[in-house]
Each structure stands twice: as C-alpha cells, then as structure tokens.
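Starting from the given sequences, assemble the full structure and let the hints guide the process.
Chains as they are written, first to last, in my numbering: chain A, 29 to 250; chain B, 39 to 89; chain C, 708 to 956.
Hints are computed from structural coordinates only; laboratory data are not their basis. For every residue, glycine included, the Cβ atom is placed at its ideal position computed from N, Cα and C. Treat the hints with caution; some may be incorrect.
[What the hints assert, rightly or not] Partial list, computed: chain C residues near chain B (C-beta under 8 Å):
id : residue
1  : Arg759
2  : Leu817
3  : Pro821
4  : Leu919
5  : Leu923
6  : Tyr926
7  : Arg927
8  : Leu933
[What the hints assert, rightly or not] DMTMM-like mimics (lysine to aspartate or glutamate), calculated; alpha carbons at most 25 Å apart, straight line:
id : chain 1 : residue 1 : chain 2 : residue 2
9  : C       : Lys878    : A       : Asp216
10 : C       : Lys878    : C       : Glu828
11 : C       : Lys878    : A       : Glu217
12 : C       : Lys878    : A       : Asp214
13 : C       : Lys820    : B       : Glu41
14 : C       : Lys820    : C       : Asp882
15 : C       : Lys820    : C       : Asp751
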Amino acid sequence: MSPLASIFIREARLAWAGGGGAAGPAAFFLAAITLAPLAIGPAPDLLAAIAAGIMSFAALLSVLQSADRLFGDDHGDGTAELYLLSGVTPVWLVLAKVMGQAAATLWPMPAIGLVGALMYGVPIGPALVGALALLAAIPALALIAGFAGALAAGIRRSGLLIALIATPMMVPVLIFAAGAGRSAFDGDERALANLMLTLAVSLGTTALAPFGIAAALRSRLG
Amino acid sequence: MSEFLAMGGYAAFVWPTWVASVLALVGLAVHALLERRAAREALRRLEEDEA
Amino acid sequence: MLSYFSNPQRFDQLARVLIPLFGGLALILLGVGVWLSFFASPPDYQQGETIRIMYVHVPAAYMAMALYAALAVASFVYFVWRHALADAAAEVIAPLGAVFTILALFTGSLWGKPMWGTWWEWDARMTSVLVLLLVYLGYMALRAALEDAQQAARTGAILAMAGIINLVIVKFSVDWWSSLHQPASVIRFDGPTIHASQLWPLAVMAVAYTFLAGWLVLYRLRSQALRRRARTLQRQREQVARQLEEAVS
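Written out as structure tokens, the structure reads:
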C-alpha cells in the first residue's frame, strides 16, 4: 500500500477511534442546531429564512472542534518530525492526514445539515442545495482548520487561538456555502453561482493549503 | 465659535472621531517613546554588568 | 538570524536620517491637514459637517490596509531571505495596524450613524475592516503564544502571507455577499463624487498618517534592535553560566 494511503487510513482510524470519532464534530453540529432555535425563537418563517446561515455557521464551528488534535498530538510525541524525515513529500502527506481525519469525522455533516434545514421548515429543494453546499465546503473548512492547527501545533489550550486564526480564512467559504442555501430558499437565482464559488474555494484551498500546512509544521519543529 | 463647535448639529459625531484619532496617534507616539527608553535602560544595565 | 542586530550600523545610519525626517513631515502635514479639514473646506452639500469625519476615517482605514500589506511584504522578505530586520519590522507593524483598524471601525461607526441611521451597518467595506481586525489579532496572538523567537518569526511569517491571500478573497466574497442589499442611506449620496475642496484635506491627512506610521515603525524598529541585542547578551550570559556550572561539577 502506498505510504500516502496508509497515512490516510491511519489518520481516519485514529480519528474514528479517539474521542468517539465521528461523534465529535457531528455531535457539536447537532447541539448547535438544537440550541439555535431556543435562542432565536420558534417563529417558523424566521427559522426557515435563516436556516442556511445557521447550518453553515454551526458546521464551521464544528470543524474547528478537532483542529487542535490533528497536528497537536503529532507535534507532542515527535511524529511530526518522523513525517518530515520519512521521504514522503510533505505536501501530499499533510493532505492525506487532513483528508483522513475529515473523511472519518466530517462525513455526517451534510446529512445532519439536510435534516436540520428540514426541521427549520425549509422545503426539500433548498434544503438539498444547502446540504450540497456543506459537502462542497468541507475540504475548505477541514484544510483551513488543519492549517490553523499546524501553526498552533502543541501550544497548550490552543483552541481559542486556532479559532481566531481560522475564522477570517473561513469567511469566503462561509459566505458562499450559506449563500447557496439562502439563495435557493429565497429564489433569487444565485444558488448555482454560490455553489460553484463554494466548490472553487474548496479546490483552491486544496491546492494551496497543503503548502502552508507543510511550511507551518516545518517552522514549528525548530 | 459656538457655531464651529456645534458642527451643524453633528457635534456628537464629529468631535469624538477627531478626539479619538488624536488620542490614538498621540498614544502610539508616546508608547513608542517610552518603549525606547525602557529598551535603552535594559540594554545599558546588561552592558554595565558585563563590564 | 540574530547576528544582524549585533552590528546594526547600517540600519542605525538610515534611521538617524529617516526618523526625524518622517516625524517632522508627519507633524507638519498633520497641522496642515487639521487646518484644511476644519477651516479650508466647506461642509458637504449632502452630508453637512459630517464630511469632516471622512478626513480621519478614510486615512485610518487606508493605513490599516497599507500596514497589513507592509506586514505581508516584511513576512515574505523574512521567509525567503531570513533577514532579521524584516521579522522585527513585521513584529512592530502588527499592533500599529490593529490600532488603526480599531480607529477606522470607531470613526466609521460615528460617520455611519448620521448617514445610515444605525451605529453599525453590515456593508462590504466595514465588514471587511472588521475581518481585517481579526486577522491582525490572530497574528499577534500566534506570535505571543510561541515562546521561541525563531519559531514565532517563521510561523508568524507563514500566517501573515496566508492572510494577505485570504484578504483578497475576503474582499471579493464580502462584496458579493453585500451586493444584494445596499444599505439605505438616510442621507442619500451617490458614491465617491468628491469635490476638489474635499480632496485636499483627505489627501493631506492620508499622507500625514503615512509618514506618522513610517515614523512609528522606524522608531520602534530601533527599539526592537536594542531589545534583541539585550536578548542575545542575556542568552550568552546564561550559556556562560551553564558552562561554568558544568565545568565545576
């Protein structure tokens, strides 16, 4: 098996096994979706109108939950150094790591987002668009969280720092992903454009973020 | 003079912005000056101990 | 990396000339700018006396963005050439940028209240400046959290460079986001049709702010050089003390 594939699988297995695996971000997502109406009030029209925004926002926060573990654990026990010495191109290696964790922990998000939107009173069509947008957004969110995690690897109580670093970088994908669901609900014909833009941001992030992550890991080893 | 201060009725908006700006800029300058003095003191003390 | 600061003569020579020059220019231009802002320009046809807020808001916002660009350039120079002065510059610029950003937000809010009727409007420009503040804070927090100076320098540089790429995309996405809803102006004004008599105070204040920022950066760089030299001395002394201990035992 290629080293990259084994890294991907190892990371996925670790994420699945440790801390309830998929339960982490997904549980947080569910909690946030449940709490929001309690804070906002149960007015059906209002909830349906803001559903897309709440789903995207809650998904963004959920992805940040496990950001400190992805590279923090490896930084602490020296695995990061091994990775960089291993001869596998760092850029591909970090991509495999991030995608491994994302695959293991973030796969329920679009489904939960779909159900959540339906619970908020969004019709099935716009709700599906919203879920699709979440799916398109996951690479961007996971890689940005990974980048922030790599920069802050091993810093104690880095959760807040990681959130502060990651949130400005997540602004574009949030705008487009939420915009897709909102446009679908409002019927203002920008849904496809927003969806495409979400995909574009995810692809661009996939192309650029691994370089940043690898550089960050290297800079933290000194 | 009071007409000038009144700023056409917008005094409550215009003056705070200028006061805040002046305070911020002066504050930055003063901080920079104090920072230099502290740095020189610290370095001087270290170099004296060397000698 | 630190060796540059054990012999900072080149920078000292430049600083000795530029610091008084920038400081003097800043003071003069600020004086002229204040006079132009209040006495040599009329109230705006539509905005009335609130136009005078523009003369401190726009320079602050422009400075906030220009300083981040400078931060990114300094970070790039450090990342590629490992020049210690570039890292010191980045470290010094960040808090200045954050202050100008907060100033821009505050003055913008006060300018907006008579214009839009609300203390805050989620329009493209103000939202972008708010995101810029978060970027500055993140950069400063990351550097502060890393105890090793070299790590702080290198990691900070990576974040700053990622930040400038991000800000370009953020600008586009926020424009896109706000384009469906233009805030309703209490005072209707049709965009940047600036009259010549308003352009002068604005330009002078903007240039004044630039020289002031330049003065601040150079002045603080000089202090940074002293601080880093002190840190080197301190570390050398600790090393000698440790070696003595080992020799004794």
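A quick look at each hint next to the structure:
no.: 1; hint: Arg759; in the structure: 5 Å, holds
no.: 2; hint: Leu817; in the structure: 5 Å, holds
no.: 3; hint: Pro821; in the structure: 6 Å, holds
no.: 4; hint: Leu919; in the structure: 6 Å, holds
no.: 5; hint: Leu923; in the structure: 6 Å, holds
no.: 6; hint: Tyr926; in the structure: 5 Å, holds
no.: 7; hint: Arg927; in the structure: 5 Å, holds
no.: 8; hint: Leu933; in the structure: 4 Å, holds
no.: 9; hint: C:Lys878 to A:Asp216; in the structure: 22 Å, holds
no.: 10; hint: C:Lys878 to C:Glu828; in the structure: 16 Å, holds
no.: 11; hint: C:Lys878 to A:Glu217; in the structure: 22 Å, holds
no.: 12; hint: C:Lys878 to A:Asp214; in the structure: 24 Å, holds
no.: 13; hint: C:Lys820 to B:Glu41; in the structure: 21 Å, holds
no.: 14; hint: C:Lys820 to C:Asp882; in the structure: 21 Å, holds
no.: 15; hint: C:Lys820 to C:Asp751; in the structure: 16 Å, holds
Hint check: no violations occur; every hint is consistent with the structure.
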